Amino acid sequence: MKNNLIVSGSPHIHKQESISRIMWTVVLSIIPAGIAGIIIFGLDALWVTLAAVIAALLTEALFEIWTKKKITVMDGSAVITGILLAYNLPSNVPLWLPVVGAVFSIAIGKQVFGGLGQNIFNPALVGRVFLMASWPKYMTTFVKPLSYDAVTSATPLAVLKEGKILEHISYLDLFLGKRGGCIGEVCILALLIGAAILLYKGYISWHIPATYILTTAVFTYIFGAKQLFHGDWLFHILNGGLILGAFFMATDYVATPLTAKGQIIFGIGCGLLTAIIRLWGGYPEGASYAILMMNAATPFIDRYTKNRIYGTK
Amino acid sequence: MKNLIKEFTKGIIRENPTFVLVLGLCPTLAVSVSVANGIGMGIAATFVLLGSSLIVSLVRDFIPDKIRIPCYIVIIATFVTITELCMKAYSPVLDRSLGIYVPLIVVNCIVLGRAEAFACKNNLASSFYDGLGMGVGFTLALILISAIREFLGSGQILGHTLFKGFEPVFVFGMPSGALLVIGLLLGFFNLLKNRKT
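Chains A and B supply the protein sequences, listed in that same order.
In this text, residue positions in the first sequence follow my numbering: the first is 409, and each later residue adds one.
In this text, residue positions in the second sequence follow my numbering: the first is 4, and each later residue adds one.
Isolated chain A (complex conformation):
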């Protein structure tokens, strides 16, 4: 007879969840966006992604061997960093660029702080911003979608920033990803499929993505045009790295606030900064800078949004 009266210490409810399981699920959920990127920009997108992932894994392994720490290559977090970094690059970059970016992401963005769980910034974004500051030439020339050769085109946001008249792209095309841009950010449909998996599994909560996107929408609606309350908010949501950032990078467990209240503040902050950079800043797109700046503010937010411990004042 099975003995149901086992005496044991807490916790009594176990789940199958673990860091590596969550991380690999996230990897799975961002793959659709990559496939869409390969369809839109050709096989170059695949090589860039593979280069970034392999470089990220090697850097993590070498750094952990060098510092004599436990090798955590198989927990999937380095794979995510590599993929997310590649998703933030144009598909026509020389292959050493994602490699340098991934090495920087893992070594400087993550391992020098002490590895997974210690980093204060999202490693993939650290890598992207480093590349952006170092080789802006490569980071801002994009391939024309579905052309499969070296025809370059600007992103709709960059065209808007230069004040030129936009050739009209329908919202449906923007939603499906028929525009110039980074590998993983263009196909909103594929990103939403991945986001739905994560939300369904409960691996991310709605607080950050919802408040982030909503704040950007409201702000660009109010201030996005010459006249107040005439901005094209849907255009701003469907363009740039907003959706990729909101669901996959602003929800990084390590570098974002712990409580729901804190996450809402974080999301609103990201949304405001993104909209401000897009409308009045020097760069056409500000999602990566917005998320990094809010990452820096996270310890501060956490301090002021502590949950009240039950039974105390």
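Facing chain A, according to a computed beta carbon distance under 8 Å, are these residues of chain B, among others: (1) E170; (2) V172; (3) F173; (4) V174; (5) M177; (6) S179.
Simulated from the structure, these hints should not be mistaken for lab results.
If you're wondering where the values come from, they're calculated on a predicted model, not measured in any experiment.
Don't be surprised by glycine CBs; every beta carbon is placed ideally from N, CA and C.
Position chain B relative to chain A; hints supplied.
Below, chain B alone, put in the same frame as chain A:
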């Protein structure tokens, strides 16, 4: 004599003003864009350090304790003015590229720090060697940082291109690159120190 040599060498490695005492980071961050700037700044600061250490050590018994800091500042400012005017007269190019950071040596914490922590308590000879050692240490640190930054940021050392086909990493020519390089070097030297003990 052995003591004096020790006073000199401690500034170079054991108490290096940049990497161990972590003083004077503001000019270090700002001027370390190119090796030429680094050397110029290092020599200017060494001259001021030497002069102020000497004078402070000479007058240390006459300065009332309460107003010692203003007195040090006056002495330091004198030497900084000499440096600045000489630089303007004899190497205007360097003066233009260092800009405001030459007059700012007045408030460089290495100079004031040595006056306050060493020269006002020690005799002339030790103060001289202390100032010289600190100056040389500062100059070497500046050369190291600016060599890394100039090479990575523009692919050159002292204006000469080293490799063809190297794509410069612009970020190292910017202030964020200075913070990165100094942070990593600090970490590296701490690692070496910890390994030794």
